[in-house]
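Generate coordinates for the entire structure from the input sequences, incorporating the hints supplied.
Residue numbers for the sequence shown follow my numbering, so the first one is 1 and each next one is one higher.
Read the hints as simulated data drawn from the structure, not as lab findings. In this text the structure is predicted, and so the values were computed from the model without any measurement. Glycine residues also receive a C-beta, built at the ideal position from the N, C-alpha and C atoms. Incorrect hints may appear among the rest.
[Unchecked claim] Simulated DEER-style distance windows between Cβ atoms: (1) K79 x V55: 21 to 31 angstroms; (2) P54 x K79: 36 to 46 angstroms; (3) A5 x A45: 31 to 41 angstroms; (4) P44 x P14: 11 to 21 angstroms; (5) V55 x D78: 32 to 42 angstroms; (6) K79 x T25: 30 to 40 angstroms; (7) Y1 x P44: 14 to 24 angstroms.
[Said to hold, decoys possible] Dumping the calculated DSBU-like pairs for lysine-lysine here, alpha-carbon to alpha-carbon at most 30 angstroms: (8) K6 x K79; (9) K38 x K79; (10) K67 x K38; (11) K6 x K38; (12) K67 x K43; (13) K6 x K43; (14) K43 x K79; (15) K79 x K67.
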Amino acid sequence: YQCPAKPGRLSLAPEQPTMYRIGCTMTGGASGGGWIGKNAGGKPALVSNTSIGPVTGGWLAGPRLGKEAEDIYRAVSDKA
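Written as structure tokens, this is what we have:
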């Protein structure tokens, strides 16, 4: 299973945030898996996680994680 394409955008409703969407051969068991991209410095960074997609495969979508998600991660990590 793989997701070789570049992500596009998915909007479910105007009042909801735009998500990343990618063509993919993964199925329902992929839920929760992280999407790794590169940050501005070229280092690996978590940019999304698999949240929705059809059971039969074809595409996956997830939230666009940015500065807000990073701040939450750092705050929780600092308490550990």
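Now for the hints, and whether the structure bears them out:
no.: 1; hint: K79 x V55: 21 to 31 angstroms; verdict: violated (37 angstroms)
no.: 2; hint: P54 x K79: 36 to 46 angstroms; verdict: holds (38 angstroms)
no.: 3; hint: A5 x A45: 31 to 41 angstroms; verdict: violated (19 angstroms)
no.: 4; hint: P44 x P14: 11 to 21 angstroms; verdict: violated (33 angstroms)
no.: 5; hint: V55 x D78: 32 to 42 angstroms; verdict: holds (38 angstroms)
no.: 6; hint: K79 x T25: 30 to 40 angstroms; verdict: holds (38 angstroms)
no.: 7; hint: Y1 x P44: 14 to 24 angstroms; verdict: holds (20 angstroms)
no.: 8; hint: K6 x K79; verdict: violated (35 angstroms)
no.: 9; hint: K38 x K79; verdict: holds (26 angstroms)
no.: 10; hint: K67 x K38; verdict: holds (14 angstroms)
no.: 11; hint: K6 x K38; verdict: holds (13 angstroms)
no.: 12; hint: K67 x K43; verdict: holds (15 angstroms)
no.: 13; hint: K6 x K43; verdict: holds (18 angstroms)
no.: 14; hint: K43 x K79; verdict: holds (24 angstroms)
no.: 15; hint: K79 x K67; verdict: holds (19 angstroms)
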